[in-house]
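As you go down the protein sequences, you meet chains C and H in turn. In this text, residue positions in the first sequence follow the numbering used here: the first is 1, and each later residue adds one. In this text, residue positions in the second sequence follow the numbering used here: the first is 1001, and each later residue adds one.
It cannot be assumed that every hint is accurate.
The calculated lysine to aspartate or glutamate pairs, modelled on DMTMM-like cross-linking and capped at a C-alpha distance of 25 Å, are [what the hints assert, rightly or not]:
1. Lys1122/H / Glu1159/H
2. Lys25/C / Asp1084/H
3. Lys165/C / Glu1159/H
4. Lys1181/H / Glu1151/H
FYI, nobody ran anything at the bench for these hints, they're computed from the structure. Computed from a prediction, not measured in an experiment: that's the story for all the values here.
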Amino acid sequence: MLGVVLQATIATTLFELRRSVSGQKIAIALVLACFPPFIMYMVFRTVGSDIEVGAELVMAVLIWMVGLLSLILWLPPGIYSELEGQTWILSTSRPYGRVSLILGKYFSAMVWTLLVLSLSYALTMAVCLPFFSLGEFALGFMLVSAFACLAYGAVFSLLAVLALKRAMGFAVGYVLVSEILLASVPALVQKFTVRYHLQSLGLEHISDFGLDRLGDQGFVRNLVLHEPLPLWGNYLCLIGGTLLILSVCLAIVNWRQLITVHET
Amino acid sequence: MSMLIDLEHVTKLYGNVIGLNDVSLQLSSGVYGLLGPIGSGKTTLINLIMGQLRPSIGQVRIMGSNPSWSGAYLRRIGLCPATDVYLPNISGLDWVTNQICLYGIHRREAQRLAEQALALVKMETACRNPMGTYSLGMRQRCKLAQAIAHEPDLLILDEPFNGLDPVGRIEMTQFLRGWVKQGRSLIMASHILHEIEAVECSFLLLTGGRLLASGTLSEVRSLLREIPNQVRIRSPQYRLLASRLMGLDEVADLRVERELQQLLVSTDSPAQLARTVAKCVAEENIQVTEMRSEDDTLQSLFSLLMQLHRGER
């Protein structure tokens, strides 16, 4: 069974990638990828290399935003349009068609988002080179980006199968409430957000983001990371949470009786 | 013969709307035409068979499995749905190959099966072009190809003649006859009787979510013969023809439309009326340019069945 699911998922992912290549999508990807280097260039041009917070922090926030935007733009619409679309009945007529379709959409959105983030990071490094070298953070950034894509992708997939055509709105709401508001509250609730764990990985694998230059280090650190977990705890939360959310998502898709918009 | 489909008092509700109403059905291997007007529950029945929907009441068993819990039986079924598939930048071959890969078949083998199936539906030359360049009929053939490529035991077709040109219809009919000759099972849903007639099969007549009747072609034909019908006869000698038809038992009502040079005849026995008109043409040399039934015969059949069902006839 696992072999069949794996093979079908790989086939669907590759098919979705081929299917999703279009001029419009490439143009959107380029605009998204150019956003962080453009902002970074403007920042450096205005304040020079004497930036108060770390350049890597500004870059991390920008790339985090681009990653979220990319996933929100491509994953929920990709999933719900399929669930209510023409070919859903064909997917359900395959033994593991529903599972492989959702996973295929999930992984193809991952690939697109990671491509955008890689390009964005490369362009940002090129733009910042006269002022600041960001090359040493490359591996850390890619690692954290990959975990961000996996975790946020799972959350947005779940929202897509729950809310269908309202999924994009729910995804934006989730980011605002959970990832911006709750993740900034120095309390236990912070640990239930994805950003909390990504920040922990970032502090470990990228840099301290210039937090020590912000004055009261204890206060700021507490605001960013309330009662830090050990590193393995963050990995466990991100991987376990992703697997759990994806499992719930697949269970819902398997159980839900969806009627395509073409049926009467 | 093994039992393919077993429905026990199945009702499917969409909120307050009844999709299927207390349908019990046992089908063994064979060829079946699922006949009913648009919205009669044909697609709902197919979706229940495929496990996409679960019954609100009753039990469904397909090839011995409960579709809600086991999808293994789906390997033995090929489905060609009514909905159109339009993926503009993907070739037919790529799409069909991917559909076969979803069964867990390796890509190379899937591509071989896809090419074979596309050749069977006469798409071998166009299958490498993007689907955006295909006509509706070509996309219909691709849908059929993905349904037959893995060589299923049971083929389910929902409105398979949609979008096909006359040549395509003939080819589709020939293909289906060939399929049946191989001893494989077929369920074909349509709202047009003559499409299903083309493939000799047993009929399942659905309307309003109810299974009204089932039977062979001759049984359905005998029912149709008894349906009150309105027949339009166009003739330059319409007055003479009217005088001949007036007073005959099979003519319940007759109206003359002078401007159109035609008669509108209500009859309880269309077959007898046809024989009478033929006799007039042969014996009295009355020229008839057109003779056709005004009613949609299938709709009339369902009205008759509903009346029989309610005990009104």
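Right, here's what the structure says about each hint:
A hinted pair counts as satisfied when its Cα atoms are at most 25 Å apart, and Lys1122/H with Glu1159/H qualifies at roughly 19 Å. This hinted pair checks out: Lys25/C and Asp1084/H have alpha carbons roughly 24 Å apart, not beyond 25 Å. For the given pair, Lys165/C sits about 28 Å from Glu1159/H by alpha-carbon distance, which is inconsistent with the 25 Å threshold. For the given pair, Lys1181/H sits about 14 Å from Glu1151/H by alpha-carbon distance, which is consistent with the 25 Å threshold.
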